[in-house]
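Engineer: So you can see what is in the structure, the chains are spelled out below.
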Amino acid sequence: MKMQKVMTLQGHQGAVNVAEFNKSGEYVATGGADRSVKLWNPQSGLCVKTYSGHGKEVLGIAISPDNTKFASVGGDKAAVLWDVATGRSIRKFTGHGARINDVGFNFDASVIVTGSYDATVRFWDCRAQSYTPIQILSEAKDSVSSIQVTKQEVLSASIDGKLRVYDIRMGMCNVDDVGHSITSARFSNDENCILASTLDGVIRLFDKENGELLASYKGHKNTDYKIISTLSNDDAYVVSGSEDGRICFWDLVEGTMVNSIAAHGTGAMGKLVTSVTYHPTDDTLITTSTDGLCHVYSK
Amino acid sequence: MDDLFDSGGFFGTPQPASASDVKAKDRNSVLPVFLQEARDERGRKRLHGAFTGGFSAGYFNTVGSKEGWQPQTFVSSRSQRNKFEQNVDQFMDEEDLAEINNAKKVTATQDFDALGSTQRELARKAAVTQAVEKSDGPIASRILQDLIIPSSDPIGVRLLRKMGWRDGQGVGPRAKRKFTEKQDDEDDVHAENVLFAPRDIRDVILTGRVGRFGVGYDRFGDGADVFRPNASSNADGGGSGGGSSLFQERQRNAFGKSGGFGTGVFEEEDEDVYGGGGAPGNLGGLKNSRMSIVDDDEEDDSEWHRMSSSKKKPVIQQRRSDTNSTANERTGFDGKPPLSGFHVASIQLTAPIWFDAPKPPADYIPKHRLAFERQSAVSTPYPLQPNQQQPNLTAERRREILGEEALAGPTRSVFSYMSARQQDALQALIDSKIAGKDGGKKKDDKQPIPDAVPVDKETAVAALKGFLPFTGDEAKQARYKSFLEGKAGVREGDVKFPPHFTPREVAHELLEFSKSAHMYKPLSGMMASRFTSSGDGGATKDKDSTEPKERVYGRATRSSIEFRPHKLVCKRFNIANPYPEPKQTGPTPPKALTEADLQKEILNKDAMSELIHYVEGGGAPVSGPAGRDGAAVKIHAVVAEEEKAVEEEKVEPARPAMDIFKAIFADSDSEDDESSEEDEKVVEAKAPLKVVANAPVPVAAPVPTVPVKAAVVASAPSTTSLPPPTFRPLFSRKQDRSKVVEPIQPVSAAPETVPESVPVPSNPDVMVVDSPSKATPAEPAAIPLPNLSSDEDDAPPPVVTKPLQAASWATSLISKKPPASVVPIKRSRDGDESSSASDSSDESGDEDRRRKHRKSSSSSSSKKEKKKKEGKEKKRKKDKSSSSKKKSSRHREEEVVDEWVEATASAVVRSERDAKDSRERETKRDRERDRDGERSKPVGHHNRPRASDFF
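Chains as they are written, first to last, in the working numbering: chain A, 6 to 304; chain B, 1250 to 2200.
Chain A extracted, bound-state conformation:
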């Protein structure tokens, strides 16, 4: 798993919190503490567009499947639906009582699902005229840190240490007690496993079916901050940032760290790598960090 830094996306003022590839992988949207979302071309390193309108830092981005819209959430307690081309915000959903940590679209971008520090998950209807959430899930006992929406499921991870998979088709919610504050949870690409980063410095891979622990990945540093970890697009590797500025690669099956790159410094000088996002098809990943830079790594 050798990767080279091919590009640096520089332009955010302050920390970059999240990055998200569009569905085809041509562009990447990053949200930062400068209250803006920037759309980049990771090949050329150019900032295509800047979407400003958030009142506080941007913490989560979700891009619609048709790439025409994206939603961003942040510290201003609002979920904003943007039109990519015009750069205007289409709708703004407010109602959360605290900052929103993550956001997800359903398969046709008609529903926005947000997870907030107010310990609720809310469903917002983009089609209806109403601006009230169509459903509120308040099972979480603490901040909902991560949200992922698939065709029929909503994965919510909470600081209370529970993974909740809301299966709409079954009408059931499976709760997995991880026991540590979960900061990031993502389905594997085959949607059979859940990768969960916890604040005890361990990344765990769970079987979605029965909640069993498949593997755990250690070696990075993650005790205080939310670090969005990910799986490679072929589900072969687990990639995560670290609080000391490294990005770490683990073999999914073996659980051994196969590589670690000092992407944003090392040791005491290292800056927190807030997220690692893998390209949907290529072996490319984007790291975001509190030093305001996003690095593009490629094989």
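It should be emphasised that the hints constitute simulated quantities derived from the structure, not laboratory data. The beta carbon of each residue, even a glycine, is placed where N, CA and C say it ideally should be. Where hints are given, some of them may not hold.
One side only, chain B facing chain A, incomplete, derived with CB under 8 Å [what the hints assert, rightly or not]: (1) N1351; (2) G1803; (3) S1809; (4) I1810; (5) E1811; (6) L1817; (7) R1821; (8) F1822; (9) I1824; (10) P1827; (11) Y1828.
The calculated lysine-lysine pairs, modelled on DSBU-like cross-linking and capped at a C-alpha distance of 35 Å, are [unchecked claim]: (12) K1816(B) <-> K74(A); (13) K82(A) <-> K1816(B); (14) K304(A) <-> K156(A); (15) K54(A) <-> K1820(B); (16) K61(A) <-> K156(A); (17) K28(A) <-> K1820(B); (18) K1816(B) <-> K28(A); (19) K74(A) <-> K1820(B); (20) K1820(B) <-> K97(A).
Position chain B relative to chain A; hints supplied.
Structural biologist: Relative to the frame of chain A, chain B by itself:
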């Protein structure tokens, strides 16, 4: 001369031998008037020349020099610059300069002359009040006094007034006032609980003493008071013994504002310039210049006394004036009379004698005990020690005594992490230590701590963790800490006080410590359990979650809960609802029919179609051949749809009944209708072709409630003229109302009054016909109808209001004003339209009403109408002849289009085209149908009563 003077008396002014002996400036004083010359103070002649009345402009009045103002050449070179400057004062002689110097004196303006003007004000007030007291009309005078407010109050007074101060009051917080016997007793009774403003007492202005006289020295000795002001006005400054400014003030007061004698023109005449004149022999104005601080109510009787006594210094006098009179005879403790200006106090203050607190007997127990208690006291588990403080029991102590369990709050103590046995052992150890220490202490210092609150171990432990007071004194803080540690049993040994501490100081400090320990102990028990410190995050948060090492993920950590997604979420996720509504699960199982079910049964599909069939087949006039079948189909479809919608929305069983009522009574623009209509319009707009294919009938917007209406109509017992009995008591029939209205036949037909006063159909008929082209062609045809029908005997109530409406509308059009007198009539549009197919007269009336309603309610539609008026009159006529449905539908469609504009631009174009298409199609359709309706207009056909007839 000398002997002449010595020899005795002489008369007159001694004259000099000749006037020239006298100095020029004094010469006038010795010359007779006719010889006197005008001279200045230096004796220079002011008047010169042949005409001594002329003013000397020559030498003597020149600019101070012999040359005077001499012209001179102006010379200025580069090396020697001329610095010649001219000032104004160069052209002035000394008289002018003196004047200028006088003008240059900085004096406070009246506004800011706080002391002076306030003083003046007070003096004026005092004078007025005195005058008022003397005269017998106090109220009137006071009112007058209040009314006449001086135009310029000093700024301080104005500020004070804004802050709530009122004239006559003193400055300061309001307080209770003690009343002396002198005052009116009835006031006392009511004034018990009243707070009074402080008395208005003048400030004492203390000026520095510049003389070398001792305190109490009276410069003027036993001289008359008369000389005092004069003496002070000598302005010799030194030796005035203080208060020279006061004297000046006094003088100013006495002589008025202008500093001269008498009352000026611009001065208030009521000012008591001469000090009230009550005291003969006194120089005027002195009365107001009292310097002593005395109460106002004492001024009368103390006046003379003060006058006779020294007024040198501001003196705080005794309150009672009668004591003052005797005060002078007293001598001080040294046997000497008091200094002038001082009085011997009438009340001798004796030093308070302090007694030590009585010592309680040794066996005294500070609690009363009943006899039986005394007996049983021996057996109590906690016998009270003589020195033990009984009342101060903490909750913990009480719990201990009662043998209760501790509350399960999170204990913050390190001891809580020890095992129970260890704790017990430790407790025992501590107890023994404390007991030993306490015993030792008692032996050491016999002095018992006066009110020492006993500090138990828990309190001490808690207080140790809390805030440590005495931050200013580190040594004391250290002692406090060691005290707490000793109490908590953490540390052995006594608190070490510095050796210079007296036992009392030690006791005091111990008391302080114990109190602080109780005060600064952190939250405990219940309160503490509500908060969690930020430090221990995950450790205590999840008590159920075990250590990660031990954790086996899987079945143990997995739990499943029910999750009921909202049906809209399911819809958006394109997933069938996992918890479907019970009605949608399939064919409804047969069950006993409840009343609600029966009610709902009225509206089920079969019943509805049956009813519709009945309505159609039962001779209900149908508008046209084209509409009939299509309408039926459409109605069926819509009924089915509505049925579904009703089921989906889980309407309460009572809803159908409400629908019926709504269909009959509700306003045609009620929200439900519109929303449902809009929904349907959306569908139509999206697929206009489909609509055309399905429904050749006019837009089906109002249809949803049509079946309801039909049901009601059909469910009426028969086609009798009587309305359903339910509705009868609520409304007076139109016939009745028309009868009431009919007698009023106005002669004049003012546009405003006509609508109300035209119950006779023939009138509006004429009017409408006469009305200019604005009246639609459909209306004249519509109007005669009620006239005809009202003639019928058994017929349904004649529609009297309709011509009325039409007429009013027509007049409103004529007058280009909305008819003010028309009361909006509530009526179901659906009801109208159900009958509109059969009755065009009704329709026209409805149209009027609706148009009016639109006019008043929606400005947009009225704007549209205006546009139409301006631009396309032809088209407008056409429109008016067509049914109103078209308009409403167009309006609705435009709304839909508006919505689409928001959505996408491309969609807008398409939808607009669609909307236009459908509109045109509808227009065509409406026109056809109207024609048909007119053709087939049955005059006497509407035998069946309609709900609309009752309005």
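Engineer: Assess, step by step, whether the Cα of K1820(B) is no farther than 35 Å from the Cα of K97(A), and give holds or violated.
Structural biologist: Since the Cα atoms of K1820(B) and K97(A) sit roughly 22 Å apart, the hinted pair holds (cutoff 35 Å).
Engineer: Holds or violated: G1803(B) as interface residue toward chain A, Cβ cutoff 8 Å?
Structural biologist: holds, 4 Å
Engineer: Is the shortest C-beta separation between Y1828(B) and chain A less than 8 Å?
Structural biologist: holds, 5 Å
Engineer: Does the structure keep K1816(B) and K28(A) at a Cα separation of 35 Å or less?
Structural biologist: Holds: K1816(B) and K28(A) sit about 28 Å apart, inside 35 Å.
Engineer: Interface hint check: I1824(B), Cβ to nearest Cβ on chain A, cutoff 8 Å. Holds or violated?
Structural biologist: holds, 5 Å
Engineer: Would you settle whether the hint for F1822(B) is holds or violated, based on the nearest Cβ-Cβ distance to chain A being less than 8 Å?
Structural biologist: holds, 5 Å
Engineer: For the restraint on R1821(B), tell me whether the closest CB of chain A is nearer than 8 Å.
Structural biologist: holds, 5 Å
Engineer: Does P1827(B) meet its interface restraint, that is, does its C-beta lie within less than 8 Å of any C-beta in chain A?
Structural biologist: holds, 3 Å
Engineer: Is the interface hint satisfied for S1809(B)? The criterion is a beta-carbon contact with chain A at less than 8 Å.
Structural biologist: Interface hint status for S1809(B): holds (5 Å vs cutoff 8 Å).
Engineer: Below or equal to 35 Å on CA atoms is what counts here, so check K304(A) against K156(A).
Structural biologist: holds, 31 Å
Engineer: Verify the interface restraint on E1811(B): the C-beta must sit less than 8 Å from at least one C-beta of chain A.
Structural biologist: With a minimum Cβ separation of about 7 Å from chain A (threshold 8 Å), the hint on E1811(B) holds.
Engineer: Verify the proposed pairing of K28(A) with K1820(B), using a straight-line Cα cut of 35 Å.
Structural biologist: Cα-Cα ~24 Å, so holds.
Against the hints set out earlier in the document, a violation occurs for number 1 only.
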